[in-house]
Amino acid sequence: SQQGEEDPQALSIQEGENATMNCSYKTSINNLQWYRQNSGRGLVHLILIRSNEREKHSGRLRVTLDTSKKSSSLLITASRAADTASYFCATRGILWGAQKLVFGQGTRLTINP
Amino acid sequence: DAGVTQSPTHLIKTRGQQVTLRCSPKSGHDTVSWYQQALGQGPQFIFQYYEEEERQRGNFPDRFSGHQFPNYSSELNVNALLLGDSALYLCASSLRGDREWSGANVLTFGAGSRLTVL
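Residue numbers (my numbering), protein chains in the order written: chain A, 1 to 113; chain B, 1 to 118.
By construction, these hints were calculated from the structure, which means they are not laboratory data.
All the given hints hold, so there is nothing to weed out.
Computed cross-link-like contacts, SDA-like style, restricted to lysine to any residue with a CA-CA straight-line distance of at most 25 Å:
hint, chain 1, residue 1, chain 2, residue 2
1, A, K56, B, V106
2, A, K26, B, G58
3, A, K69, B, V106
4, B, K26, A, I49
5, A, K26, B, Q56
6, B, K26, A, H45
7, A, K26, B, R55
8, B, K26, A, R36
9, B, K26, A, L48
What follows is a set of in silico ranges between Cβ atoms, one per label pair, in the way DEER data are often shown:
hint, chain 1, residue 1, chain 2, residue 2, range
10, B, N77, A, I94, 28 to 34 Å
11, A, I13, B, L83, 32 to 38 Å
12, A, A81, B, L11, 29 to 35 Å
13, B, L83, A, S39, 22 to 28 Å
14, B, R22, A, S58, 29 to 35 Å
15, B, R22, A, A82, 26 to 32 Å
16, A, T67, B, G84, 31 to 37 Å
17, B, R22, A, S68, 42 to 48 Å
Every residue, glycine too, gets a C-beta built ideally from N, C-alpha and C.
The following block holds chain A by itself, in its conformation from the complex:
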């Protein structure tokens, strides 16, 4: 079963605009990670935020984590055509020994030129 639920399922914006994707999860976590997948190929790690962190930045990416609401958001600023991809949040839990990542169903992001 998949713990994360992502919202929206699909997002289409103009190049240069900001894109925000949200992720909710159900159980306590050690950390939350975001991955990108281009055209059904392998996933690429973008950023990791630990359960004791509230915000993290990496280049044009900004991730927030609210453990009280069990939710996270990924903001991509000044979007580019190359950002077109599917984005997945993934949680590493505590109760099941932190030995796996549980992925959400993903947000399909399309950047229009």
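Once you've looked at the hints, dock chain B against the given chain A.
Below, chain B alone, put in the same frame as chain A:
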């Protein structure tokens, strides 16, 4: 520095057949995880291997089995294939780290093996 390599990239099988997928982890990594990704879905955890042992298993039947070799490479075997096994199979490697399952390890994914069962 080679990343994670998977083979084959595409394959077609018929129901009831068996398949073996192979994975070589990123140089320096010692842990291999396998995920199944159905079309339009997120990856689902199958199992993870470390020190040639299965460390954790997801909600997959015994038809799914694996192996890790001394060089850290891994195989995923699926027996008695069903139509529902059609998916992208992803291998991911990581480094266990100094602290046991510290949780901070990110995964490096291969490009996947796309299996179609007819």
